[in-house]
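Participant: Take the given structure of chain R and dock chain P to it, following the hints.
These protein sequence lines map, in sequence, to chains R and P.
My numbering numbers the first residue of the first sequence as 1407 and each following residue consecutively.
My numbering numbers the first residue of the second sequence as 1407 and each following residue consecutively.
Don't take every hint at face value.
[Unchecked claim] Beta-carbon label-pair distances, calculated as ranges:
id, chain 1, residue 1, chain 2, residue 2, range
1, R, Leu1448, P, Ile1660, 34 to 42 Å
2, P, Glu1672, R, Glu1453, 14 to 22 Å
3, P, Asp1470, R, Ser1605, 52 to 60 Å
4, R, Arg1521, P, Glu1672, 30 to 38 Å
5, P, Ser1433, R, Arg1608, 17 to 25 Å
6, R, Lys1452, P, Lys1445, 51 to 59 Å
7, P, Phe1509, R, Glu1453, 49 to 57 Å
[Stated by the list, open to error] Counterexamples of contact, computed for chain P against chain R with all Cβ distances above 10 Å:
id, residue
8, Val1422
9, Ser1440
10, Arg1487
11, Lys1530
12, Thr1582
13, Tyr1657
[Claimed, not checked] With a straight-line Cα cutoff of 20 Å, these simulated DMTMM-like cross-link-like pairs (lysine to aspartate or glutamate) come out:
id, chain 1, residue 1, chain 2, residue 2
14, P, Lys1452, P, Asp1503
15, R, Lys1530, P, Glu1545
16, R, Lys1510, P, Glu1672
17, R, Lys1662, P, Glu1672
18, P, Lys1530, R, Asp1469
19, P, Lys1510, R, Glu1672
20, P, Lys1643, P, Glu1584
21, P, Lys1662, R, Asp1644
22, R, Lys1612, R, Asp1644
The hints are simulated quantities; they were obtained by calculation from the structure and are not laboratory data.
Treat the numbers as computed from the prediction; the structure is a model and nothing was measured.
All C-beta atoms, glycine included, are put in the ideal place defined by N, C-alpha and C.
Number of protein chains: 2
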Amino acid sequence: TYTASALAFALRNLPVPVILVGSQRSSDRPSSDSVLNMKTSLAIFKEAPFGEVVVCMHGTISDDYVLAHRGVKVRKMHSSRRDAFQSINDAPLARVDFPGMRFKMLNPRFIARGRREDFQVVSKFSDRVVLLKFYPGMECGIIDFLVDRGYRAIVFEGTGLGHIRNACVDSVARATEEGVLTIVTTQTIFGRVNMNVYSTGRRLLKAGAIPGHDILSEVAYVKLSWMLGSYPGLDRKDYVELFHRNIAYEYNPIHKDSLFPVWSHEY
Amino acid sequence: TYTASALAFALRNLPVPVILVGSQRSSDRPSSDSVLNMKTSLAIFKEAPFGEVVVCMHGTISDDYVLAHRGVKVRKMHSSRRDAFQSINDAPLARVDFPGMRFKMLNPRFIARGRREDFQVVSKFSDRVVLLKFYPGMECGIIDFLVDRGYRAIVFEGTGLGHIRNACVDSVARATEEGVLTIVTTQTIFGRVNMNVYSTGRRLLKAGAIPGHDILSEVAYVKLSWMLGSYPGLDRKDYVELFHRNIAYEYNPIHKDSLFPVWSHEY
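Isolated chain R, as found in the complex (with noise of 0.2 Å):
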């Protein structure tokens, strides 16, 4: 996620996909997933009508099909399967039948391949940027010695719908007034936040914490290094509207019911 989303909002108008695959299975093994990741990335790589920046790996944990996800969308959601690498909150763009190698476009929403002489490479990153998971009990300390640290954007992932203690909201105040930037996403994963259902959702909002829609707390991070690296000196202003616009789809309006998985509730 990281990668593949540092490398969407870097490579501006691409005028070919660009495809991170890997396996999960090391390819000195037999059963090694590598070779079919790598040869239907080519199919992709041919027939996509794309330029976005693609992680190819397994759909399932045969080798019936592999899935081109939308960098800035996909999250490792297991630790070892060969379909670890999952959609979040989207539909994977496209998929590669094995073996028959049929290219399908799965996803209606895409940037389509740019020219070649708009491609554009935006690509400085600031490491004032942090990323912190909320937890009941978290000291707010720790976001006074962040703002004394110089850091200059901090993600918190909150609870539900975005939320972190009440306890803490001075601490987001005075990191507003000097001058950091305070993104609240959700760590359910699935989902979006909404900071005005509760009361204290609202006070975040008035002591300047920014909702983070549906994006993904690691694309949050990524982003705003972007945003800080590559386009210093902007007011708060222009930051908060930089981080709302759509750069590579990292926020996706409507939520189908079929974005979250199906739960066994069986054993």
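Facilitator: Then chain P, alone, in the frame of chain R:
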């Protein structure tokens, strides 16, 4: 997860199930799921053979059935859906159909109701534990800051099989020397850590990092807080043994394929 697992560790030899119930829509709205969740909980209280802490919530977005998830294996996986709460790396304990109120056990592994006279409350929790989600670029100085600040345990939510960056191994070794326990879980959520596969994992083990197997990072945080609070002054060796001892089925040695949800690859 935090509340449920704190109760699961604190309440020993439960003579009855302890049920946490809630709703995803406020009870003042006609579409609220509160009544159904509450009604089915009573059936679980009456019929369940287990004496465990469970979370009872809708199993689907319709009013079909409610699931009793084991408190130490449940996670909120969606910010707003009725079926947001789901079991991770384990099957839900039981299900109650609606409106039939038929009770059905789903999981053969459970802690039976205990005798009333054996019931015990072990409920001291330490606030000197911290949960850190690792990300590329995390400053290792944060670890040193936490050790200096007097924290006695750090849970790292690591990447993939349980990794944090090589550069931070020295800070982990220093934490171990200072008597701080460092646990590594995986942020893939599903699956388990295996720190013997790659050299970074092996270096972390050598520096004293303790593998979290398939425990959820949130539960590891609560368990350490409970261990340090309720059993103060143990040796490192005894803390490691206690952390790896299955107190409330927070570990599941066998992951069936059905525990990873099914992802729709059509949109």
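Participant: It remains to establish, for every hint, whether it holds in the given structure.
Facilitator: Hint check:
Take Leu1448/R and Ile1660/P: their Cβ atoms lie about 38 Å apart, and the range 34 to 42 Å holds. Distance hint check for Glu1672/P and Glu1453/R: the Cβ-Cβ separation is about 18 Å, which falls inside the suggested range of 14 to 22 Å. For Asp1470/P paired with Ser1605/R, a C-beta distance near 33 Å fails the hint of 52 to 60 Å. Hint check: Arg1521/R to Glu1672/P, Cβ distance near 31 Å, so the stated range 30 to 38 Å holds.
Between Ser1433/P and Arg1608/R the beta carbon distance is about 21 Å. The supplied range of 17 to 25 Å therefore holds. Restraint check, Lys1452/R to Lys1445/P: a C-beta distance of roughly 57 Å satisfies the suggested window 51 to 59 Å. A hinted range of 49 to 57 Å for the beta carbons of Phe1509/P and Glu1453/R is consistent with their spacing of about 52 Å. Even its closest Cβ contact with chain R, about 23 Å, leaves Val1422/P beyond 10 Å, as expected for a residue assigned away from the interface.
Every CB of chain R is more than 10 Å from the CB of Ser1440/P (nearest about 16 Å), matching its label as outside the interface. Taking the minimum C-beta to C-beta distance to chain R, about 6 Å, the non-interface status of Arg1487/P is violated against the 10 Å cut. With a cut of 10 Å on Cβ distances, Lys1530/P stays outside the contact zone with chain R, its closest approach being about 14 Å. Thr1582/P, annotated as away from the interface, keeps every beta carbon of chain R farther than 10 Å; the closest lies near 22 Å.
Against the 10 Å criterion, Tyr1657/P stays outside the reach of chain R, whose nearest CB is about 14 Å from its own CB. A threshold of 20 Å between alpha carbons decides the hint, and for Lys1452/P with Asp1503/P the separation of about 15 Å falls inside it, so the pair holds. Taking the CA atoms of Lys1530/R and Glu1545/P, the gap is near 19 Å; set against the 20 Å cutoff, the hint holds. Under the criterion of a C-alpha separation no larger than 20 Å, the hint pairing Lys1510/R with Glu1672/P is consistent with the structure, at around 10 Å.
Proximity of Lys1662/R to Glu1672/P is assessed by CA-CA distance (about 11 Å); at most 20 Å being required, the pair is judged to hold. Our distance criterion of 20 Å between C-alpha atoms is broken by Lys1530/P and Asp1469/R, whose separation comes to about 50 Å. Distance restraint check for Lys1510/P and Glu1672/R: the Cα-Cα separation of roughly 10 Å lies within the 20 Å cut-off, and the hinted pair is therefore satisfied. At roughly 14 Å between alpha-carbon atoms, Lys1643/P and Glu1584/P fall within 20 Å of each other, so this suggested pair holds.
Among the hinted pairs, Lys1662/P with Asp1644/R is inconsistent with the structure: their alpha-carbon atoms are about 49 Å apart, more than 20 Å. Taken as a hint, the Lys1612/R and Asp1644/R pair is honoured in the structure, with Cα atoms around 18 Å apart against an allowance of 20 Å.
Of the numbered hints listed earlier, those contradicted by the structure are 3, 10, 18 and 21.
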